[in-house]
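One-letter residues, chain by chain:
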Amino acid sequence: MMNIGSLLPILFMLVIISIFTAKGIRRTVNNKGKSVSSSWARRIFGGYLSLLLICTIVVPFISGKDMADLKKAPIDAIEKEGTTLFDAAAAGKITTIDRNFIEKKWDFEYREPKLNLSVGTEEFFATQIFVERKKTNDDKIEAVYYRTRSSVNDMDISVVINPIRLTLAGDLLTINNSKKAKLNFSIFNQIFPVTQFTGEPSLFQHQSSFYEGQSILYLRIPKDLELNSKSEVNIQFVE
Amino acid sequence: MSVITCNGLTKKYGRNKALNNLSFSIEENKITGLIGRNGSGKTTLLKIIAGHLKETSGEIKVFSEKPYNNLMVSANIIFIHDQMNLPAALNLKEILVVAANFYENWNSELANRLFDYFSFNPSHYYQDLSKGMKSTFNSILGLSARCPLTLFDEPTTGMDAGVRHDFYRAMLKDYISYPRSIIISSHHLNEVEDLLEDILLIKEGKEHLHLPSEDFKEWSIGMQGKTAIINEWTVDKEIIHTRSIGLDQSYVVVRNQFSEQEVQRARIAGIELSPVSASDLCVYLTSKTEGGIDDVFNHG
Amino acid sequence: MMSLTTVSLTSIVKKQYSYKLKAYVQVFWNLVFLQLLAILFSLNGVGMSGSSSETLEVEVHYYSADLVAFFTMLWGFIIAIIITTKAYRNDDFTFVTNRLSHNLSNILFLLTASIIGGLTAMLSPNLLKVIMYIFDRQLMVASTSAAGSLNEFIIGICTTSLYIFLFCALGYLIGTLVQIHKVFVVLVPALFFGALFLGGVSGNTRIVSNFFGFIFTESSILLFMTKIIISCTLVFASALVLSTRLEVKQ
Amino acid sequence: MNLNLDGTKPIYLQISEWLEREILNGNFESDQKIYSQYQLAEIFNINPATAAKGLNILADENILYKKRGLGMFVTSAAKEMILTKRKNETLKKLVQEIVLEAERLSVSKGELIEMIKAADLGGEEK
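Residue numbers (our numbering), protein chains in the order written: chain A, 1 to 239; chain B, 1 to 300; chain C, 1 to 250; chain D, 1 to 126.
Simulated from the structure, these hints should not be mistaken for laboratory data.
Accuracy of the hints is not assured; some may be wrong.
[As the list claims (entries may be wrong)] Pairs of lysine to any residue residues, derived as SDA-like cross-links and limited to a Cα-Cα distance of at most 20 Å, are as follows:
#, chain 1, residue 1, chain 2, residue 2
1, A, Lys140, A, Lys182
2, B, Lys134, B, Gly158
3, B, Lys30, B, Lys226
4, B, Lys30, D, Lys53
5, A, Lys182, C, Ser49
6, B, Lys61, C, Thr112
7, D, Lys85, D, Asn27
8, D, Lys85, B, Lys134
9, C, Lys86, C, Leu177
10, A, Lys223, A, Phe210
11, B, Lys226, D, Lys53
12, C, Lys22, B, His124
13, C, Lys249, B, Asn38
14, A, Lys230, A, Ala181
[Unchecked claim] Beyond 10 Å from chain B on every Cβ pair, some chain D residues (computed):
#, residue
15, Phe28
16, Thr90
17, Ala118
The structure displayed is predicted, hence computed values, not measured ones.
Every residue, glycine too, gets a C-beta built ideally from N, C-alpha and C.
The shape of chain A in the complex, shown without the other chains:
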């Protein structure tokens, strides 16, 4: 039930405004002095109405193109994707994951016996690392970065998010979080006489639902490569 308390201040403000506008209206309309002439009033209203109609026609074009690429991404769908990705990686069946979840792939030539691993910002490192030891020592390290969709208010915004950054220098492989992407946009809610019936967030409720996709780094390293991690991060080995 909408909390009436929050309605009080609004109502009070409206009353103040109504007194002000009532005076304004009464003065222009009701004083027997020179009031707005009907032909002038008709012109103004006509202009306003045509302005509204023009905007109604224009709006689909201006908001249309940004709108188009924000396809629907319901939270339960992308949640399921995240868990299937995680489980597949954990069970070593990464290949079963749909290829377009692959954000980025790296291939490094690495002949040294030991590899150090470090992570840029330990606490906030959001990507889960999986390591798979290859059957042979082919001196090659393959790194594949998978990520499932993210959404804001059920709209797919994955295209905005940047991939993580991998750099190999000497015997140190550093993994940095992706560059923080900034996204701000505006949402237009329908006016409350409509939202009251369509069940959307109506009057005064403006929480937005934000869901970040699951991101995984899948390393495939040569059989005998010794891996030690310089920073506190959870690495999961795959059998």
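Once you have looked at the hints, place chains B, C and D on chain A.
For chains B, C and D alone, kept in the frame of chain A given last:
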């Protein structure tokens, strides 16, 4: 067939009785003058006839129906008065168009010709007009509507003499070409006297005299002469008005019940007999005291 | 007897109605004034929610034309009061009318005004979007549901117009009460705010919230429509009954 | 001729006298239609009923006669009737006025008669 009949009509505002048991009936297609002092109830009566006010008691029938809140009566009456409310947002031309839409017998050709004759500017607004121009515009509405019952309450306030004359002339000519019942309430009885067929005189909310205007002229007679002789002649007569003139002369107005011979004898006796105009008679009849304002001064 | 013009109620109501559409058109000028004012107020949005993580910082600004809807209802309330004032009422009685046709044509006029108000209120978000787009080219997203779908638009016009019509009814009743006796000018606001604050103080805003809750939180359209239509007819009917005794005073 | 409207003589009498004068100076032949009440009202700017009253007086003295729906017509003997009426009514009243005035100015009857003759001579000399 009478267009208005009313008997025992009373209207109270709080304790004061605007109309006090008023009874009269007006035939259709006549021009009647409604004459009375300020506050004698003229406007109240007209508002009740037009259905704007409800009578406190008594009975009134307009087109043989109760006028209050009656659509048919409203459709056949136009009530012209000086505080007329006309829409503020419409210019004069638009008001004529709106009025034409409301009144069945509206004669737009007459309206337009009057409109041009009195040189109104169609795009002006009603409140911007002067008092006289407003009255003139109201009268155009009143005449062009050609309602079976047209009520004019002080139609000529603010009009200059020329316009007043034109208005009366226009009213007469339109009345001749399109007969209807017209009631004019006015203070300038002398101007409108000749146009009236009947005169209804109202005093303190009650009808005082209701006669054809010609009879009004012969209803009383003025006698001027030596006070002694005058008193002698008017000993048993009802004196309507007396005024002393000079040292020993006085002017008296009494009911005109003299026969031809009596008039001759009075003349010989040195009394000057003169007719009393309707407007003077009305003033005398409705004044508080016989002497009128003079009594205020010579009370000593 | 002179040929008297016999008139039917409907013809007079029609004539009064078309007269009012012409004479009261300034009312629509005020609608424009109020709605633009409301759009101005809702330019800075009705809400903002943001969240950020390592990879993404999201800032969502919420815009809605609710304020326009509110102001239009207010407008309906005010014009309903204004047309009951003496200046307007006597304009009617200058021409041909009686109390019934006077009130019916007023109600018809208020209905038209409400529909026009509803239409413009439903269109106003687009003006808001265009203004937003012109000022800062943020990524613009319509409301979560596919905005501008036709039936939502139609529903919107109906419900908004009905809302406005309800406020017109309330304004009309109050206006008529004020015409009957000047004391209501003080009495009605006192009653309304008394109930509001009394309720506010004692915590059980039963009276006011019930009434508004009864309408504002109703989620089924059919129930909503029946509720509004019934309350409008009741309020207008009482105004009509009250005004039959009302004389035409200068 | 415009009516003297200051109320000394009722308008309808003035109207009927005016009509009589019109008939006398031959503007209306016998059996010719005379002004209607509305025409008179328009000419003299008075109420048609008053004009009608003037017409009816002449009808009562059957100087005029009414044809249903057509209006008032001059009777054949209209002219003579007006003359006789004028002679013994209006002239007699004028004479009385003169006698009264003479008495008031204490002029003897003989002197009065002389004056009348002189007036008459004056008329002829020119």
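Evaluation of the provided hints:
1. Lys140(A) <-> Lys182(A): Violated: Lys140(A) and Lys182(A) sit about 35 Å apart, past 20 Å.
2. Lys134(B) <-> Gly158(B): Holds - the C-alpha atoms of Gly158(B) and Lys134(B) are around 8 Å apart, at most 20 Å.
3. Lys30(B) <-> Lys226(B): Since the Cα atoms of Lys30(B) and Lys226(B) sit roughly 42 Å apart, the hinted pair is violated (cutoff 20 Å).
4. Lys30(B) <-> Lys53(D): Holds: Lys30(B) and Lys53(D) sit about 15 Å apart, inside 20 Å.
5. Lys182(A) <-> Ser49(C): Between Lys182(A) and Ser49(C) the Cα gap is close to 14 Å, so the pair holds against 20 Å.
6. Lys61(B) <-> Thr112(C): The given pair, whose Cα atoms are some 37 Å apart, is violated under the 20 Å limit.
7. Lys85(D) <-> Asn27(D): Holds - the C-alpha atoms of Asn27(D) and Lys85(D) are around 19 Å apart, at most 20 Å.
8. Lys85(D) <-> Lys134(B): violated (52 Å)
9. Lys86(C) <-> Leu177(C): holds (12 Å)
10. Lys223(A) <-> Phe210(A): violated (41 Å)
11. Lys226(B) <-> Lys53(D): Not satisfied, since the Cα-Cα distance of roughly 37 Å exceeds 20 Å.
12. Lys22(C) <-> His124(B): holds (16 Å)
13. Lys249(C) <-> Asn38(B): Given that 20 Å is the threshold and the Cα spacing comes to 18 Å, the pair holds.
14. Lys230(A) <-> Ala181(A): Cα-Cα ~27 Å, so violated.
15. Phe28: holds (22 Å)
16. Thr90: Thr90(D) clear of chain B: closest Cβ-Cβ about 15 Å, beyond 10 Å.
17. Ala118: holds (27 Å)
Against the hints set out earlier in the document, violations occur for numbers 1, 3, 6, 8, 10, 11 and 14.
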